[in-house]
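Enquirer: Going down the list, the protein sequences come from chains E and W.
Just so we're aligned, residue 1 is where the first sequence starts under the UniProt record's numbering, counting upward by one.
Just so we're aligned, residue 1 is where the second sequence starts under the UniProt record's numbering, counting upward by one.
It is possible that part of the hints are untrue.
[What the hints assert, rightly or not] Subject to a maximum C-alpha distance of 20 Å in a straight line, what follows is the list of computed SDA-like cross-link-like pairs (lysine to any residue):
(1) E/Lys-117 x E/Glu-107
(2) E/Lys-178 x W/Leu-234
(3) W/Lys-108 x E/Leu-146
(4) W/Lys-112 x E/Tyr-143
(5) W/Lys-45 x E/Thr-185
(6) E/Lys-178 x W/Thr-229
[Stated by the list, open to error] Some residues of chain W that are not near chain E, with every Cβ distance over 10 Å (derived):
(7) Lys-26
(8) Phe-75
(9) His-83
(10) Gly-86
(11) Gly-87
(12) Ile-127
(13) Gln-134
(14) His-277
(15) Glu-279
[As the list claims (entries may be wrong)] Here are the simulated distance ranges between beta carbons:
(16) W/Gln-33 x E/Gly-47: 49 to 57 Å
(17) E/Lys-18 x W/Asp-56: 25 to 33 Å
(18) E/Leu-44 x W/Glu-213: 49 to 57 Å
(19) W/Ser-221 x E/Lys-55: 54 to 62 Å
These are calculated hints, taken from the structure and not from any lab test.
Idealized CB from N, CA, C, for every residue including glycine.
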Amino acid sequence: MEKRITTPLTSDKVKELKAGDKVLISGVIYTARDAAHKKLVELLDKGESLPIDIKDSIIYYVGPTPEKPGHAIGSAGPTTSYRMDSYAPRLLDIGLKGMIGKGSRSEAVIESMKKNKAIYFAAIGGAAALIGKSIKKAEVVAYKDLGSEAIRKLEVVDMPVVVAIDALGRDWYEIGQKEYLESITLTSTEKTQGL
Amino acid sequence: MREIKTSCITSSIKEMCINSNYYISKDVTDKIQQAHEKETWPMAKDILEKLLDNIDISRIENVPVCQDTGMACVFVEIGQEVHVVGGLLEDAINEGVRQGYEEGYLRKSVVKDPLNRVNTNDNTPAIIYYDIVQGEKLRITVAPKGFGSENMSQIKMLKPSDGIKGVKDFVLKVVKEAGSNPCPPIVVGVGIGGTFDRAANLAKKALIRPLSENNPDTFYSKLEEELLTTINNLGIGPQGFGGKTTALKVNIETFPTHIAGLPVAVNINCHVTRHTHVEI
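Could you put the whole structure together from the sequences, leaning on the hints where they help?
Expert: See the structure below:
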């Protein structure tokens, strides 16, 4: 059963989410990947303000394909998140509440998520045409020169994700794999009941 | 001597860049389909179903399967009786990539310099491999390669005494370390032998072999099977959330090597394994 959430991702909504939950996200989210993260953190280093309102926001790690005429966006699946690990805690410290990507995160990111009560969602890597359909509107709001890597403001409806790591630091990559491996060592009857 | 015009090569490359990104080949969809039927872990089955849906959507709507439309890897087998006319072969290939990525609404993912990182905005240059073969034909394979999985690839110079166990251990180590990052279920290309660079080239070549074909040498086809089973027993599962489907296929390619060496390269590809061929 999927949980539905609408942005902004306020603390009360974060509390409702736990690792392994299937979630459908609606509302406004922002895109940023390697190059945009580098620029955002450079702004913070200089003490300048960011081009997006980061408080209670969700950043989606994606570099979409160009949109065909009549489409809001092209294919838009997640990129691998660990490349943003060195930047993420800086943004979490100033109010970022959610990240969407794929793959595991560093200890430092998980610690920062616990401290700042944030969620890391995973979208299905490679399911880019399918995910693209949940994006209804896309507008470049910063770093247009970065092309696919520019920051876009997206309006999404029921974008399918899984809570990969929750605000208590529970990691579904670890838990899911462990539970699966335990399930195959059980007897077939226990297996049926367990599932 | 047979003459082939560069314009003909350019248009073939363009078409292959677009088609390989929109339409996943049957050997790959068959493997995902089979994995979906066999998978018992609920979240894993659900993810595999979504991957099949995604492949359907991209085929019906003519859009890229994945937003990472890759760096264009182009394998060219040139019959030695062929004479390419109308310009440089390399320019013709890059022009095909340029046109394909622009007209196909594919993402431009190449930067001009690895450290200064400015996008070339046309996805060139391609990574091109040339082989001179017998005959008067040109056989071209286009395999756009995504970097989520490319980044998880590794190479190791094993000792001859490490033997087959050393190879198996290294392949497993690479897959474990890759974990959830390269979009499992993955395809594992293994290159064994040659030199440092040849092993990596073999691993890349292993990824363009159709998933329906095994290594013709039974010693190596058995090793492919065994490695696939061991990898799938790791329980990483689709997207890394657990399950029996971590890899769809292991392909091994080999080459003679030096008495002192045993190079092994593991090139990881994601479930969006793209390859398309043409013979001109």
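Enquirer: Are the Cα atoms of W/Lys-45 and E/Thr-185 separated by 20 Å or less?
Expert: holds (19 Å)
Enquirer: Regarding the assertion that W/Lys-26 does not contact chain E, is the least Cβ-Cβ distance greater than 10 Å?
Expert: Correct as stated: the minimum Cβ-Cβ distance to chain E is 18 Å, above 10 Å.
Enquirer: Taken at face value, is the distance from the CA of W/Leu-234 to the CA of E/Lys-178 at most 20 Å?
Expert: Answer holds: E/Lys-178 to W/Leu-234 is near 10 Å, not above 20 Å.
Enquirer: Take a quick look at W/Phe-75 and tell me if its Cβ sits farther than 10 Å from every Cβ on chain E, holds or violated.
Expert: holds (23 Å)
Enquirer: Grab the minimum beta-carbon distance between W/Gly-87 and chain E and tell me whether it stays above 10 Å.
Expert: Correct as stated: the minimum Cβ-Cβ distance to chain E is 28 Å, above 10 Å.
Enquirer: That 54 to 62 Å hint for W/Ser-221 and E/Lys-55 (C-beta), does it hold up?
Expert: holds (57 Å)
Enquirer: For the pair we were handed, E/Lys-178 and W/Thr-229, check the Cα-Cα distance against 20 Å.
Expert: holds (18 Å)
Enquirer: With 10 Å as the threshold, tell me whether W/Ile-127 passes as away from chain E on beta-carbon distances.
Expert: The assertion about W/Ile-127 holds, with a minimum of 20 Å to chain E.
Enquirer: Can we trust that W/His-277 is non-interface, i.e. its beta-carbon lies farther than 10 Å from all of chain E?
Expert: Holds: least Cβ distance 22 Å, greater than 10 Å.
Enquirer: For the pair W/Gln-33 and E/Gly-47, does the Cβ-Cβ distance stay inside 49 to 57 Å?
Expert: holds (54 Å)
Enquirer: For the pair supplied as a hint, W/Lys-112 and E/Tyr-143, is the alpha-carbon distance within the 20 Å limit?
Expert: holds (19 Å)
Enquirer: Holds or violated: is the Cβ of W/His-83 farther than 10 Å from all Cβ atoms of chain E?
Expert: holds (37 Å)
The structure fails none of the hints (numbered hints given earlier).
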